[in-house]
Amino acid sequence: MEEYSVKPIGYIRSTLKDLDAAPKFYTESGAPHARLELIAAYTDGLDRVSANQDIIVITWLHLAQRDVLKVHPQGNLAKPLTGVFLTRSPDRPNPLGLHRAKVLAVEGHNLLIGPIEVIDGTPVLDLKPVVEEAQDF
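So in the working numbering, spot 85 of the sequence shown is number 221, and the numbers just go up one at a time.
By construction, these hints were calculated from the structure, which means they are not laboratory data. Honestly, I wouldn't trust all of these hints.
Said to hold, decoys possible - Estimated spans, in silico, between C-beta atoms of each pair:
#1 ASP180 <-> HIS208: 35 to 45 Å
#2 GLU138 <-> GLU269: 29 to 39 Å
#3 VAL266 <-> ALA177: 23 to 33 Å
#4 ILE175 <-> HIS208: 32 to 42 Å
#5 GLY166 <-> ILE192: 28 to 38 Å
#6 ARG224 <-> GLU139: 16 to 26 Å
#7 GLU138 <-> ASN188: 32 to 42 Å
#8 MET137 <-> ASP180: 12 to 22 Å
#9 ILE192 <-> THR151: 13 to 23 Å
#10 ASN230 <-> VAL266: 28 to 38 Å
#11 GLY219 <-> ASP156: 19 to 29 Å
As the list claims (entries may be wrong) - Straight-line alpha carbon distances no greater than 16 Å define the calculated EDC-like cross-link-like pairs of lysine to aspartate or glutamate that follow:
#12 LYS264 <-> ASP190
#13 LYS238 <-> ASP190
#14 LYS153 <-> GLU268
#15 LYS238 <-> ASP203
For every residue, glycine included, the Cβ atom is placed at its ideal position computed from N, Cα and C.
Start from the sequences, fold in the hints, and give me the full structure.
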C-alpha cells in the first residue's frame, strides 16, 4: 500500500485542552476562538487573507484512534453504529479534520479564528476558502 506524507503548516492554540470537554461541532456552544500559529516559512500563503473571511481549516486529529471504522455519531449511544466515512468522528483511518471558522484578525503569521472545536496543539495541514458558489481561484 502506498503511503503519503504531510507536514503541518502550523498549530492551533486553544483553551480546549481536554478531548472529552470539546464540542463535537463548531456550532455547539463552547467552541472557542483560537489562534492559528502558522510556521513562519508559510506566511506568504496568507497573502490577501483578511478579517471576516470564512475559511476551512484542515487539521490532523493527532489524538484520534486510527483503527476505528464504526462509531455512534456524536458519541450518542442512542444513535446506531455508523461507518466513520458517514460521520464527522475524529476516529478514523486518516484523521483529517475539516473545520469552518471565521478569520477574526490577521497578526503577522498568526490568525485569530473561531469558533473552532479543536484541541490545543492540533497540527494544521492546510487552509482553504469557503466557496459558496463557483469562483475562479
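Provide an ascending list of the numbers of those earlier hints which the structure does not satisfy. The structure conflicts with hints 5, 8, 10, 14 and 15, although it agrees with all the remaining ones.
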